[in-house]
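> For chain P, the structure is supplied; the task is to place chain L on it using the hints.
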Amino acid sequence: MFRTLLLTLLTCLPLSAQAFDLADLQHQLAATPALKGKFEQQRHLADLDSTLDSHGRFRFVQGKSVVWQLESPVEERIELTPEAITNGSGDAVPPGGEQVARLFLQLLEGDWQSLESRFAIALSGSADAWQVALTPKAQALRQRIDHIDLKGARYIDHLEMHTPSGDRLEVRLFDQQPLNDTP
Amino acid sequence: MSRAPEQRPAADGKRHGAYRLAGWLWLSILVACALWLGVMLRHGLPADTDLTALLPADRQVPLIEAADRQLGSGFENRFLLLLGADDRVAATEALGQSLQTLVDSDQLAAIDWRELDLADDDPHDWMGAWRYRLLTPAWQQAIHSDGGQSLVTPALRRLFSPTARPDPVADPFGLLDAWLSRLPQSPIGASDGLLTLEADGQTFSVLIGKLTGSPYDLGMQAALHQTLERFQQTHPQAELLRSGLVFHAAAGARQARHEMSTIGAASLIGVLLIIGFVFRSPRVLAQLMVPLLAGSLFALTLTLGLFGRLHVLTLAFGASLIGIAIDYVLHLQSDRAIEGAGFRLRRLMPSLAFGLISSVIAYAAQALTPMPGLRQMAAFAAFGLVGAWLSVVLWLPRFRLHASPFTARLAERWWRLCQPRWRLSPWLALGAAVAMVALCLGKLQSDDSLELLNPSPADLMQQEARVQQLLDRDTGSRYLLVRAKTSEALLSRLHALDRTLDAAIADGLGIDYQSLARSVPPAAIQQANLARVRTLYGKPLEALIATAGLSPDVAERARERLDEAPRLTLEAWLQTPLGELQKRLWLGRTPAGDIAATIVISGARDAATTARLERIAASQPQTVYVDRLSRIGRLLAELRHHTAGWVALAMALMSVALIWRYRRQAWRVLVPPFGATLIVLSAFALFGVPLNIFNQLGLLLVLGIGLDAGIFNVEHARKPSAWLAITLSSLTSVLAFGMLTFSATPALHYLGLTCLIGLASVWLLVPWVRPLDGATTMDRENTLNRGEPRHG
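Residue numbers (our numbering), protein chains in the order written: chain P, 128 to 310; chain L, 478 to 1269.
Just to be clear, a hint being listed does not mean it is correct.
Stretch by stretch, here's where chain P covers chain L in the computed footprint (C-beta under 8 Å, at least three residues) [what the hints assert, rightly or not]:
id, stretch
1, 632-639
2, 666-673
3, 1023-1031
Just a few of them, taken from the derived set where beta-carbon distance is under 10 Å, the chain P residues facing chain L [what the hints assert, rightly or not]:
id, residue
4, Phe147
5, Phe166
6, Thr178
7, Leu179
8, Ser181
9, Val193
10, Gly215
Because the hints were derived from the structure by calculation, they are not lab data.
Since we're looking at a predicted model, the values are computed, not measured.
Heads up, the beta-carbon is just placed ideally off N, CA and C, and yes, glycines get one too.
Isolated chain L, as found in the complex:
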C-alpha cells in the first residue's frame, strides 16, 4: 500500500490489490457502523446532561440529582408571564386570548389567567374532614393552658364578622383558617376577574402556561415567541416579564441559529474560499469532508457501543477534537496537488503515522483517568482520529486529483515569504518561556462559576430574577435532603428538623423554609391534636354556642364530626391543589428502597448560616444539607483539575514518545504545541481571562494541531507543501474553532478564544524551529526510501 493506484507501475499489482482490499474493508466496516448506529439510535440518542455524570461514580449522588431535577421541574413544563399595563384588563384579555389560540391548536396544554381558572383552589372545599387533626402550635398551646377558653371570644368575633363564612357545625372555631394561615400562600390573587399579583406597589396580571411536551420543541417555541412579540408590538407601553425554561430554551435556540448564520456561515465561507483558492478544485473541498464524516461516524458508533450512553459535552468536544484530522487531509492533498503523478503515500506515511500515534497516546492517557466523562471524550476523539486517518490513507489517494501548477507555485512563494530573516536564539526562547511560566504561576486565575454553563441573555436573566423576586419565590437551590424507611418515619424526621429550624429561626437565623411536615404532621401529633380538639369541643364550644344564640344541639352535631375525622396522609395531601404546590418537595421511594423528601431553605446565604444549616442536618440521621450552586461550582472545579492533570500527563507521554523518535531534534517538534499552550496561558494571565474547563478543553485541540505541525515541520523541513499544509490547517482551524470567540455562549467563547490564540501561536512558532537546510535524519531517510525516480 505504498502509493496511489493511478500512479501504479504494473509490477506493483499485488501490493495494490491488498491496498484496494483494505479500502473496501474499511468501507464495509463503516457501513456496518452505520447500521449498528441506526439500531442504537432507534429510540433517540441516550444522552446525559448532568455534569456529575462526567465525574467518577463515587462522586455521583443520584438522589441529589433527582432532588435537583424535581425542584426545578415546575420550571420546566410551565411558564409564567407578568403583565403590567395602564389598561391592564384590556391588555390581559388580548394576550390571554391570543395565547388561548395556541392552546386551541394544541401548541400549549393550558393557559390560566382568569380568576375562575384557579377557582377550585379554595381549600375550604376539600380540606374538610382533616381539619380536626391539624392544629397550629399557638392553638395547641392555647388548649393546653386553659382548655381553649381563650379561643371562644376570637371565634365569636369571627362568627359575626360581615365578611366571614361561618359554619358553626363543621368548624365553629375556625380551625381550618388558622391552619391555612400557616401554610405558604400563593401571592397570586384575583382582581378585576384576572389572576393578579400585587408587589412593589405595582399591579401585574399573571398568566400561567402549561406545555404539552418538551420546552425544547422548536415549533411551540416559535409560536409562543411570535404571539408574545406581536402582543408587545401592539402594546408597546405594557411591561411583560417572562419566567420559565421554555424562554431560556427558545433564547438559546435563537442564539444558536443566529450564530450559525453569522459565525458559522463566516467560518464556512472562509474555509471554502481558502481551500478553493489554494487548490483550484471543488473536489478537494468534498474530499476534506469525507474523512471527518467517516471519523465521526466511527467514533459515535464505537463510543456509544462501548459506554451505552453519551454525555452532551463528550459529543460537542469530541467532535471538535476530530477536527485535528483535517491536518492529515491537508498534508496529503497539498503533497498530491504539488507532486501530481510524483506523489508517493509512503513518503508521507511516517509523519502521518506518527502524528496519529502521538495524538492517540495523548487520548489514551485520558482513558486511564477515573473520570467517566473524560474517558468517553478520549475514546470518542481517539476513535474519531483513527477513523478519519484510515479514510485519509485508504481512500483519498484513490480519489482523482489533478496536479495543480498554481498550488505548487503558491507553496513555493509562500515558503520563501515565510523564511525567518534572523535566527531565534535558544537562550532568548528559554528566557521567554521561563518568564511566561512565572507570569502564569503568579497571575493566572480560575473560574468555576455556574454562569459558564448559562447561555441565557442578560435581559432574560433579569426578567427571571425580577419575577422570582415579585413572587417572593425561592429557586429551590438549597435544601435539606432527608431519607427514612417509611413515610411515617420520614414525617417524624421532617417534623423534628422543622422544630430545630423553628428554634434556630427564633434564635435569629435569617432563613425561611418549606417542609411537608408543616402541612402534614406525623400521625402521633395528629392524634394528639384530635384529643385537644375534643377538649375544645367541651365547655368552650358550649359557651360559644350559647353566646351566639344558637341552639345547644349545634354543639352535639359539631362533636359528631370528630368521630369520623380521618388522618391526613402525605399521599392524600399531595393530591390536593395546595399539596400540588409542594409536590416538588417529595421524592418518594428511592432506588435504595427508602423514602426521601426535601426541606427547601430560602433567605440568608452567608457562611455562618450555611455552617448552622450543616450542623442542623448533622443532628438528624440520613439528612444532608445541599447547596446546588456551590455544589455545581465544586464539580466544575474538580472536573477542571482532573482535565489539567490529564493534559499534563498527555504532554509528558507525548514528550517521551517524541524524544524516543527524534532524539536531539525532539525540541523542534515540542515547541509548537507546548509553546502555543504557554502563550495561551500567558495571554490569559496577562489579560485576566480566567482558566475554566472550556478553555482547557480548547488547549487539547491546540496541543493536537500543534503536535502535527511540529512533526510535519521536522519530517519535511524543506518541503513547501508541508508548510502550506501547516498554514492551511492553522487557518482553517482558526476559522472553524477560533471564530467561536465571538459566540455569546460562554462555553463556546472560551473554547474559541483558546483556539484563536493557540493556533495562531502554533503557526507563528513553526518557522522558527524548522531544522536547518533540510538535512535532517528524517528527510534523508525519506529520500533514500523513495526507491524509484519521480515521474514527470
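Just chain P, same shape as in the assembly:
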C-alpha cells in the first residue's frame, strides 16, 4: 500500500516539476522578500509619437512598499504603499492613488490571487524564463489598461503596460539583489 503510494508520487514528481504554474512563480518571487536594483523607464506617448525616458534606483519590500528613486531627468523619491503614493515632500499625490499603488505592488509580488479578480492571467515559459500576460476583465478597467506583460526569471525583469490609447509604459529592472536586512 505504502509502496504503491510512494511510487505514484515519484512518477508524478517530474510531471509537476515540468508544469510551471502561477503558484510556483509566486513561490519563486516570494523567496526574495526584499530586494533593490536599478530601473529604466520608458513611457511612449502615441499621440505625440515621442518617449519620456527616465532611470533611477528602486527598493522593494514585499507587502510593504516600493521606493522609486528617480535620478534623471529629475530627482524624485516616490513611495508606493498599499495606502497611498507619496512623493519626496511626503504629500499623497495624486489623491486616491492607492489603487494604482496597490496594483503595482501586487504585480511585483506576483499576488495572483488578488489580481485574478480583475485580470485574466496567462503564464508561459519556465522558471528560468517566464512571461505573464494580464488582461483586465471589467469594462471599467479596460478603459484604462489594455494589457500588462511581465517577464522574468528569478526576479521580475521587465514590466509593460499598454493603454487603449496606444500609450505604453516599459520598465526594465536590472542589477537586482536581495536585501538581507529588511529596512
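For chain L alone, coordinates are given in the frame of chain P:
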C-alpha cells in the same frame, strides 16, 4: 324631537315627524359630505408634514423648508449599506446579487456595488476643457510670485512617475489633479473589484441602492427587509450597517404594525369585552361606532373644504379628540338600556347639549389663535364633535335597543359600591390643590427636543450614526442660506463667504464647509485664472518640455488648447458626476424670483462657533445662518407655549360658561377636568416627566372627557346610569388612549401617559364632588319637565 319613536304616544305625531325629518336630513348631509370628500381626495390626501405649517405664516420660511428638504433628499430616495465580513468578496457578491433580483423585479431602481458601477466617475474624462480656468489658491500664488517657474520641477516629477498618466498636450502641469484634490472626495474607493470604504482600520463593502419610488412603499420595504434578513441569517458573522430613510420608514411601519397587533388589539378586545359585558348586546357595539365614524367623516370633509389641506398632526390628534364623543353615546345608551321604554331623550338633552357646547367653546377658543395648525385641529375636533353629537341625538334613539335588566342591576350595584364612605373636606381639597400647583411651578420641566418626533429604534439610529461617521459625512443640518439676483451674483456672494470662512478657519474656527463656489469660481476669477495659465504656458512650459526631452511643438499644441477653453458654469457643473454630489447645495430659482444656494457647515458645534457663523452670515446681504436641529426645537417650544396658552384660555372660557349655568354648583363640574389636569401635571413634576407638545394635546382630551363627566355628574347626581356611563367612558378612553403609553413612539407614549393618569383621575374625582342627595336644581327641573309618567 323629545323622544325615541318606538316609545311615541300617538298624540306626539307632529314632533315625531320633525325629528324623523331631521334624521333623514342629517343622513343626506353626510352622504353629500362623503361625495364631496371623494372629489377632494381623488388626487390623494393633501397633507402637510412640516412642523412649521402649524405656525403662523410670518414664522414660516418656505426657502428654509426647501433647503432642509433638499439637503435631506439624497437620504430619501437612496440607501447605503456597509458590509464588513471575513469573506468580504463572497459575502458582498451574495448580498449584491440578491439585491440585484429586486432591481430585476422593479422593486429597486438600481444597486451599485461593483467597481465598474461607478466607472464613469473619473473626472479626467469630463472635466477636460474647463481645467484652464480653474486654479487653486496655491497655484494662483505660485504663478503670481515667479510666473510659475516653481511649478516646473513638480510637473516633471509627475510626468516621470510610474503611476501617473501624463498628457503633455492637454495638461503638462497637472492643473486638473491639483484642482480636483481640493474638491470633496468621496471616501468610497474600489478594492477587489468592489466599492470599498476603509475607515477605523476596517474594510467595508459599500452597496448603494436607489429607490424607484417612495421610501414608504410597503411592498418594496418588505422585499428589501426580507432580502437583508435572509442575508444576515446565512452570514451571521457579517456586520451589516444600514443608512437611509427607507430603513427608518420600514422600522416605523413594522413598529406600527406590531403595536396595532398588541396595544391596538388589546384596546379593542378590552373595549369589546367591557361593552359586551355591560350591555349584553352586540348592537351597542355597532351603535358605538356609528357616531364616531359619522363625526370623523363630517370633520374631515369640512376641515379639508375650509383649509384646503390637512396637517398630519391635525389628523392624528383631531381624530383622537373626536373620541370625546363616546361620552354622548355611552350616556344615551346606559340610560336607554336601564330605562327601556321609559327612556326620554328630553331628559338627557340639557346635559348632552351642555357637554357639547362647553367642548365646542373650548375648541372655538383655539380657532381664534393665530396658529394655523391649532385652528385646523380646533375646527376638526369641533366639527367632529358636532357631527358625532348629531348622530347620537338624531339616530341612536331610532335604533332598536332592548331594555336590559342586567345593565340596570349592574348600574345599581356599581352605584352603591362607589359611594364615598366619608366626605371630602373642601379645605383639604383646596390645600392639596395649592400644594400641587406649587409642585408644578417648582419642578415641572419641559422638553422640546427633536427626538420626540423621531420614532426610529435606537439600534437603527446607532447604525445610521456609525455610517455617517465612517463616511465622514455631515447630515446637512447647519448651513448658510444665500440668495442673489442672478447665478453669477450668487457665485460671487458664495465666493466672498468662502474667503471669509477660509480666513476664520485659518484663524482657528474648527469647522469645514462645502460650497458650490469652491467648485465653480465666479466668472471674473475664471478669467483671471486663464490669464495666469497663459503666463504659465510661456517660459515655464518651454522649460518643462525641453527638460522632458519632448519636441518644442508640444508646447505650441498645448497653448492652442487655451484658445478654446470654455467657462465652467454652475448649470454645467451640476450635470457632471461630481457636480451631482453637490446638487443638494443648489436650490435654484426661488418663488421670489432670485437664485439660492446653501453652504453646508460641519465640525464644531459650540456656542462660540455658532456666534461666529452668525456674524459671518451677517457680513453678506441676503445670507442667513440656519441650524436645523435647534430651529425645530425652537418651533416645537413655540408650538407648546401657544398650546399651553390656548388650553388656559379654553379653561377660563369653560369656567365662565359653567358658572353662568351652575352658579354655586359650578365647582362640582370643574373639579373633575381641572383636578385631573393638575394631578397629571403634578405626577409629571414628581416623576420628572418633561412637558411637551404631545402630552399637552393629551390634556385636551382629559379636559373634554373630564368636563362631560362633571356635567353629567351634576345634572344626574342620583342616577346610577350616569355613573355607569362615566365609568364606561373613562374605562374605554383609558383603553383606547391610555394604552398608547406602551407605544415605543415618543409622541404616542406621551399622549397615552397623559390620558392614562388624567382619565383615571377624572373617574376617581367624580364621586367626591357628587351633589348631596340628588336634590340639585338640575335634577329637580328634569323631574318637573318629565311631563308624563314612566311606562312599565
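> For every hint, state whether the structure bears it out.
We went through each hint and held it up to the structure:
1. Only when three residues or more bring their CB closer than 8 Å to a CB of chain P does the claim for the stretch 632-639 of chain L stand; here the count is 7, and the claim holds.
2. Counting residues of the stretch 666-673 of chain L whose beta-carbon sits less than 8 Å from any beta-carbon of chain P gives 5, enough to reach three: the coverage restraint holds.
3. With 6 residues having a Cβ less than 8 Å from any Cβ of chain P, the stretch 1023-1031 of chain L passes the three-residue criterion, so the hint holds.
4. With its C-beta approaching chain L no nearer than about 27 Å, P:Phe147 sits outside the 10 Å limit, and its interface hint is violated.
5. Here the hint on P:Phe166 is kept, as its CB sits about 8 Å from the closest CB of chain L, short of 10 Å.
6. Below 10 Å, beta-carbon pairs count as interface contacts, and P:Thr178 has one with chain L at about 8 Å; its hint therefore holds.
7. Checking P:Leu179 against chain L by beta carbon gives a least distance of about 6 Å; that is within 10 Å, so the hint holds.
8. A hinted interface residue such as P:Ser181 counts as satisfied when its beta carbon comes closer than 10 Å to some beta carbon of chain L; here the least separation is about 4 Å, so the hint holds.
9. Checking P:Val193 against chain L: minimum C-beta separation of about 9 Å stays under 10 Å; hint holds.
10. This hint holds: P:Gly215 has a C-beta 8 Å from the nearest C-beta of chain L, less than the 10 Å allowed.
Figure legend: structure checked against the earlier numbered hints; the only hint not met is number 4.
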